[in-house]
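Number of protein chains: 2
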Amino acid sequence: MKVLIVFAHPESKSFNAALKNTAVSTLTETGHEVKVSDLYEIGWNFHVDRTNFTELKDNDYFKPQSEQPLGKYIQKIKDEQAKVTWCDMIIFQFPMYWYSMPSILKSWVDIVFSAGFAYGGEYGYFEKAGFAGKKALICTTTGGPEFFYTEKGRSGNYKRILYPIIYGMFVFTGMESYEPQVFFGPAHGTDESRKEMLKKYSDYLKDIDNQKFIPFNKSDKFEGQMMTLKENEKTNIEIIGDEK
Amino acid sequence: MKVLIVFAHPESKSFNAALKNTAVSTLTETGHEVKVSDLYEIGWNFHVDRTNFTELKDNDYFKPQSEQPLGKYIQKIKDEQAKVTWCDMIIFQFPMYWYSMPSILKSWVDIVFSAGFAYGGEYGYFEKAGFAGKKALICTTTGGPEFFYTEKGRSGNYKRILYPIIYGMFVFTGMESYEPQVFFGPAHGTDESRKEMLKKYSDYLKDIDNQKFIPFNKSDKFEGQMMTLKENEKTNIEIIGDEK
Chain A
1 MKVLIVFAHP
11 ESKSFNAALK
21 NTAVSTLTET
31 GHEVKVSDLY
41 EIGWNFHVDR
51 TNFTELKDND
61 YFKPQSEQPL
71 GKYIQKIKDE
81 QAKVTWCDMI
91 IFQFPMYWYS
101 MPSILKSWVD
111 IVFSAGFAYG
121 GEYGYFEKAG
131 FAGKKALICT
141 TTGGPEFFYT
151 EKGRSGNYKR
161 ILYPIIYGMF
171 VFTGMESYEP
181 QVFFGPAHGT
191 DESRKEMLKK
201 YSDYLKDIDN
211 QKFIPFNKSD
221 KFEGQMMTLK
231 ENEKTNIEII
241 GDEK
Chain B
1 MKVLIVFAHP
11 ESKSFNAALK
21 NTAVSTLTET
31 GHEVKVSDLY
41 EIGWNFHVDR
51 TNFTELKDND
61 YFKPQSEQPL
71 GKYIQKIKDE
81 QAKVTWCDMI
91 IFQFPMYWYS
101 MPSILKSWVD
111 IVFSAGFAYG
121 GEYGYFEKAG
131 FAGKKALICT
141 TTGGPEFFYT
151 EKGRSGNYKR
161 ILYPIIYGMF
171 VFTGMESYEP
181 QVFFGPAHGT
191 DESRKEMLKK
201 YSDYLKDIDN
211 QKFIPFNKSD
221 KFEGQMMTLK
231 ENEKTNIEII
241 GDEK
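Going line by line, the protein sequences match chains A and B.
The opening residue of the first sequence carries number 1 in full-length UniProt numbering; numbering runs sequentially from there.
The opening residue of the second sequence carries number 1 in full-length UniProt numbering; numbering runs sequentially from there.
Source of the hints: derived by calculation from the structure; they are not laboratory data.
Don't be surprised by glycine CBs; every beta carbon is placed ideally from N, CA and C.
Treat each hint with caution, since some may be false.
Stated by the list, open to error - In silico lysine-lysine, PhoX-like type, Cα no more than 20 Å apart, as pairs:
1) B:K234 to A:K152
2) A:K152 to A:K2
3) B:K195 to B:K206
4) A:K234 to B:K152
5) B:K234 to A:K218
6) A:K135 to A:K218
7) A:K230 to B:K234
8) A:K152 to B:K221
9) B:K35 to A:K221
10) B:K218 to A:K152
11) B:K195 to B:K2
12) A:K135 to A:K35
13) B:K212 to B:K135
14) A:K35 to A:K72
15) A:K83 to A:K13
16) B:K221 to A:K13
17) B:K78 to A:K63
18) B:K63 to A:K152
19) A:K13 to A:K195
20) A:K13 to B:K63
21) A:K57 to B:K206
Unchecked claim - Covered stretches of chain A (in silico footprint by chain B; criterion: 3 or more residues with CB under 8 Å from a CB of chain B, positions within the stretch not fixed):
22) 105-114
23) 161-168
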């Protein structure tokens, strides 16, 4: 596969960087092609606004959903979209900040996954969206220990915390999502425990062609004009919350 | 109350701006004091990195959690933290981007809700965190219609989508969270339907002193060293998913 790793940690000597480097070497060694977007290194410094574009259809009223499909992006944004087009699989590598991704990665998604490219326009949503056929993986780290992120732990199940990313960013744009690879509290571990985490991640990636996707409902499980879930089907939150 | 509205929409003539303006006028007229942080207007343009600080404890290895408690922030960040200290209530006003907040607001949270200020250090977490006693409200808009964001709709229950914000940002830092005020698909509505939405929001805010908080479990519902939920208590995801 062609794999794009989007890396979002401000320190190149961090454990997140080690996870990113592990992915690069493991995937390369097992015959995959890898590109990395190191967002801090490339100086990704945008939010959704007028400066994303070289020209605007409407200078008086800025509406991102109307401007994005016209594709009049500055070069730095086009470069990132070209990498997404190129790849078969995206990996988001980030430390969990506030039960979500760091703002630098969020801004990459807000801008690069644009209307008319990731969804909408000639594409639709979910299976009909722009990234249908691609695969996506979260690899993330937490500050707290694993029990904190269980169903009965203080934060609740980590997979439900990651639902807006997994379902909202990956599945919504047509991608299949692997089970997120979460490494709990590496900063509180030892060199030995961190090495084990890297090995675990490497082993997971070595077998990437056989890893399972989260079995979200496809369109055929919904019915009617309002696309309501059919009787007796599991809801998204039940599906993502299920233990492996 | 002293209310801080953090506003994150790139167009000052947008419906989100109208919601923000409605909050300013309604709250002011009913005797509250209001400050607004208009993130696009103030040119909020940061991510968590070395440039947040005037000096670093460790120049060779950048670890945000170690630098933040020292408080050596640039003035623009200190100004925002002063507004948070000042207020009794925070309102996040934003359009939903990717089942979450726009990156400009995420970066405000990543940086302003810092270790040693929002949580940790002399504070703890949840009821013992830095913002204990404060209240918080999400006011947001969606692109899609309401049925899309129900339990059996294609996206799932909107309150579960907003869980990382409500629980991860508000409750984690000690704040009580009101029920989120979500306005579905205003762009697909009419002038009349949008006026009704503004009136609904204004009516909600007029009665803010009597509005209910989401009844998350306090620490006394957890037990043991690992703070596991006691028998027969509802999990967070059940609590937030409950209909009003």
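- request: Please name the hints from earlier in the document that this structure breaks, with their numbers sorted from lowest to highest.
  value: 2, 5, 7, 9, 11, 14, 15, 16, 17, 18 and 21
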